[in-house]
Amino acid sequence: VQLQEWGAGLVKPSETLSLTCSVSGESLNGYSWSWIRQSPGKGLEWIGDMNHSEGANYSPSLKSRVTMSLDTSKNQFSLKVTSVTAADTAVYFCASREVIMTAAWGMFANWGPGSLVIVSS
Amino acid sequence: QSVLTQPPSMSGTPGQRVTISCTESGSGVGTNVYIHWYQQHPGAAPKLLIYGNDNRPSGISDRFSGSKSGTSASLTITGLQSDDEADYYCQSYDISFKAWVFGGGTRLTVL
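Residue numbers (the working numbering), protein chains in the order written: chain A, -14 to 106; chain B, 63 to 173.
No lab work stands behind these hints: they were computed from the structure. Note that beta-carbon positions come from the ideal geometry of N, C-alpha and C, so glycine has one too. Relax, there's no trap hidden among the hints.
Under 7 Å between C-beta atoms, here's a sample of chain B residues computed to sit facing chain A:
| # | residue |
| --- | --- |
| 1 | Tyr96 |
| 2 | His98 |
| 3 | Ala107 |
| 4 | Pro108 |
| 5 | Leu110 |
| 6 | Tyr113 |
| 7 | Gly114 |
| 8 | Asn117 |
| 9 | Tyr155 |
| 10 | Ala161 |
| 11 | Trp162 |
| 12 | Phe164 |
| 13 | Gly166 |
| 14 | Gly167 |
Please build the complete structure, drawing on both the sequences and the hints.
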């Protein structure tokens, strides 16, 4: 499974951040598709994920500004974050999350290389 | 809310064994929730190292092992190598917030 993020690398404050993740080697039906970000010099922060059976699930801290969607026809999924500030500057990773209820449940097995998004005027 | 606490930094010399801890705390801790571990080199995406507390994905060296007892998990690296110098993160699930959480990360330096 290979994932690749793409989208605008520079976003103005108060505007909307948009990223898309293209998936190859796997259909969108088998996993939950996730976004995780990492602010410069900081740790990993789960933003949310989505799958066809459960719908979308977002981090409580970002829920009011985040929307995710799946495009099965293009085998890709997307992230939108509204009203961005400098605090949203980060490398954004897309990843697949295991949904089968075994020891693997919840693991992020496959990751994209990451896409740096800078919020600045 | 569930919090995963890791030591910010650790170090070791080549050939040594190091153990990185990950302690769960808070009201969101689940009794049957698994811990997963990731390795991240600078400028790269995280890589799954251990899943389900103590399982290695295909292709991961057996120098890496994981364990969990109660609310404490650990990642052990034996025969430390220079390429093990990286950041390590544990990950679990917060049952109260229904959210996936990561520990703050541990930077491992190989001296």
